[in-house]
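2 protein chains.
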Amino acid sequence: MAGRGEFGLIADLFEPLAAGYPGALSLHDDAALVEVDPGHRLVVTTDALVAGVHFLPDDPPDLVARKALRVNLSDVAAMGARPVAVLVAACFPKEAGEAWAEIFARGLAEDVRGFGVPLIGGDTVATPGPATITVTALGQVAVGHELRRDAAREGDVLLVSGTIGDGALGLLVQRGRCPGLSDAHREFLIDRYRLPQPRVTLGPELAGIARACLDVSDGLIGDVGHICRHSGLGAVIDVDAVPLSPAAAAAVAEDAALLRTAVLCGGDDYELAFTVPAERVGEAQAAAAACGVTVTAIGVMVAGDGVKVRSAGGAPEAFTESPAWRHF
Amino acid sequence: MAGRGEFGLIADLFEPLAAGYPGALSLHDDAALVEVDPGHRLVVTTDALVAGVHFLPDDPPDLVARKALRVNLSDVAAMGARPVAVLVAACFPKEAGEAWAEIFARGLAEDVRGFGVPLIGGDTVATPGPATITVTALGQVAVGHELRRDAAREGDVLLVSGTIGDGALGLLVQRGRCPGLSDAHREFLIDRYRLPQPRVTLGPELAGIARACLDVSDGLIGDVGHICRHSGLGAVIDVDAVPLSPAAAAAVAEDAALLRTAVLCGGDDYELAFTVPAERVGEAQAAAAACGVTVTAIGVMVAGDGVKVRSAGGAPEAFTESPAWRHF
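Protein chains in written order, with UniProt numbering: chain P, 1 to 328; chain R, 1 to 328.
Honestly, the hints are just simulated from the structure, not real lab data. Incorrect hints may have been included.
[Claimed, not checked] Derived CB-CB ranges, DEER-like:
(1) R:176 / P:114: 47 to 53 Å
(2) P:303 / R:56: 50 to 56 Å
(3) P:143 / R:187: 47 to 53 Å
(4) P:52 / R:182: 42 to 48 Å
(5) P:177 / R:94: 21 to 27 Å
(6) P:113 / R:106: 40 to 46 Å
[Unchecked claim] Below, a sample of chain P positions facing chain R; criterion: calculated Cβ distance under 10 Å:
(7) 51
(8) 81
(9) 126
Since the model is a prediction, treat every value here as computed from it, not as a measurement. The C-beta atom is built at its ideal place from N, Cα and C for all residues, glycine as well.
Make a model of the complete structure from these sequences and hints.
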């Protein structure tokens with residue numbers, strides 16, 4: 001970086017985010033040291049967000065930081081793990097200079113504190129290309145309580161947290177779709193796209209109750225399809241049961257086709273989809289309620305393969321994703 | 001990605017690199033699961049390499065993969081840790097397409113196998129910008145045996161592994177400098193720049209013997225300066241003792257100024273610089289010999305601050321880095 005240089009930037013902007021975590025070694029060393037509690041496994045994931053691919057080049061850098069952090073925390077939660085720490089490799093656009101990095105660090109600071117996940121390592125580079133932010137998130141989970149994609153069983157009830165479809169609709173709204181929506185609904189949906197709410201409390205609560213779990217990032221149908229494929233099962237989703245926010249319901253009322261595109265296939269929800277043995281659904285709902293999250297049963301895992309959908313009490317039918325549906 | 005898409009690419013190219021590590025969950029899940037041995041800490045580091053910044057845009061993608069992996073393994077080694085696994089977030093240049101990704105994966109496969117570090121997670125993105133590769137490397141080290149930058153003590157002997165300056169000289173040679181070198185010397189230096197040899201065996205051997213340690217990536221003087229600053233000490237380096245390869249010696253013979261620029265400040269060596277109590281230098285040398293690496297005493301840690309250099313038996317003098325010396 002120009003100006004303060006990489007070391008100055010790290011000291012000024014990022015070192016404070018390591019405070020309170022001795023193993024971060026104040027970001028001064030070659031690597032960080034992490035303790036894993038006895039009887040636990042470390043969970044680790046990494047995801048890159050690129051300007052023009054995963055966010056818009058003129059999105060505010062603080063929001064970019066928070067989104068990059070959150071999508072990774074969502075992956076940790078989807079394993080049933082408690083988040084422990086993050087590392088951030090931030091390639092800042094050279095022409096945007098340190099101002100971009102400063103606003104980015106401000107957003108990162110807000111979420112590092114808000115989620116209680118110290119920054120324990122990373123890298124900063126001035127890139128000639130688009131901003132590219134790669135976050136690595138660490139968590140831990142008790143051995144045997146991990147929530148995997150391949151652990152669903154026939155007869156399990158399929159549930160989702162929160163509401164589905166808001167993220168993809170938010171992107172469409174940003175692009176001028178759904179002109180009939182109220183300002184409040186538009187703002188709600190755009191906010192849900194820009195700033196996901198990873199289910200960091202719910203995920204660990206479901207560990208030991210749920211069987212299979214993932215976060216809905218590719219789209220509900222596609223993601224449930226991952227559970228099906230890796231568990232060797234099929235799923236039937238009751239479309240009418242899929243929980244919609246008031247804003248999403250208004251968007252679908254305006255344009256019914258959005259239900260089968262943006263809502264069911266859109267992705268960017270960062271809600272958890274998980275399966276629970278039928279006799280433990282109440283337990284899962286109580287655990288969710290205890291952390292202030294609504295979970296809704298939307299279907300069932302069945303013998304066979306693939307995701308079928310059923311609406312208005314009709315027969316299950318195979319769901320074919322429109323090949324034209326790509327949100328980027 | 002075009003063609004097979006992200007899932008096909010991961011399945012075809014990357015999933016085989018997870019073989020043999022059950023916690024990788026065949027790269028199918030939201031995150032990987034890592035066991036840390038009792039009495040050990042996890043070591044974690046992440047570094048991004050960007051085309052046009054850290055490597056040349058037309059460098060072969062397989063070499064890029066290997067370099068990205070190796071610079072991170074070098075950081076793990078510098079903590080005294082044994083490497084355990086890696087995650088790779090690869091942003092491939094969109095216009096280069098899957099061909100780039102395939103050659104990249106081939107190089108990654110070679111080193112993942114060669115170093116015995118399975119690929120346990122990652123991300124692939126087609127970027128509109130330059131190739132950007134972010135590797136996260138995990139290792140483990142016995143509690144209390146970590147090699148940190150802040151642990152040097154007055155009177156410790158300062159040693160380095162291998163030879164110093166080859167990487168930076170290799171870059172200069174690639175750019176047309178040192179025209180008088182033999183072809184063999186040119187090839188040697190370029191290879192050292194393109195394909196660092198992380199000291200993955202030496203690092204863990206030094207754990208429990210060395211005090212402070214880091215890998216020489218910013219340049220010998222700068223990196224020893226990090227040890228000084230974080231340990232609250234100074235260092236005196238005997239310039240004549242700094243080990244040079246025959247190729248580097250030939251380059252310096254041709255242009256003496258290169259000693260104080262490329263060799264002492266150039267970086268990209270990925271050798272270990274470490275301090276050892278004087279009475280344990282023999283033990284460190286024996287440990288190094290056992291893993292086939294030469295280590296050389298080049299100086300001593302002293303009270304005070306900053307790095308001084310001494311040549312031809314003269315008095316130590318403060319080393320001022322030429323501000324013009326920037327190898328990118």
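Interface hint for residue 51 of chain P, Cβ within 10 Å of any Cβ on chain R
holds, 8 Å
Kindly confirm whether 50 to 56 Å is satisfied by the beta carbon distance between residue 303 of chain P and residue 56 of chain R.
Given about 54 Å between the Cβ atoms, the range holds.
Taking the beta carbons of residue 177 of chain P and residue 94 of chain R, is their distance inside 21 to 27 Å?
Taking Cβ atoms as reference, residue 177 of chain P and residue 94 of chain R lie about 25 Å apart, which means the hint holds.
Lying within 47 to 53 Å: is that true of the beta-carbon distance residue 143 of chain P to residue 187 of chain R?
Taking Cβ atoms as reference, residue 143 of chain P and residue 187 of chain R lie about 50 Å apart, which means the hint holds.
Note whether the CB distance of residue 113 of chain P and residue 106 of chain R lies within 40 to 46 Å or breaks it.
holds, 42 Å
C-beta pair residue 176 of chain R, residue 114 of chain P: status relative to the range 47 to 53 Å that was hinted:
Once the Cβ atoms are compared, 52 Å apart, the range 47 to 53 Å for residue 114 of chain P and residue 176 of chain R holds.
Please check whether residue 81 of chain P passes as an interface residue: C-beta within 10 Å of a C-beta belonging to chain R.
holds, 7 Å
Would the hint on residue 126 of chain P stand, with a C-beta cut-off of 10 Å toward chain R?
For residue 126 of chain P, the interface hint holds, since the closest Cβ of chain R sits about 7 Å away, which is under 10 Å.
A range of 42 to 48 Å was offered for this pair. Does it hold for the Cβ distance of residue 52 of chain P and residue 182 of chain R?
holds, 46 Å
When the structure is compared with the earlier hints, no violation turns up for any of them.
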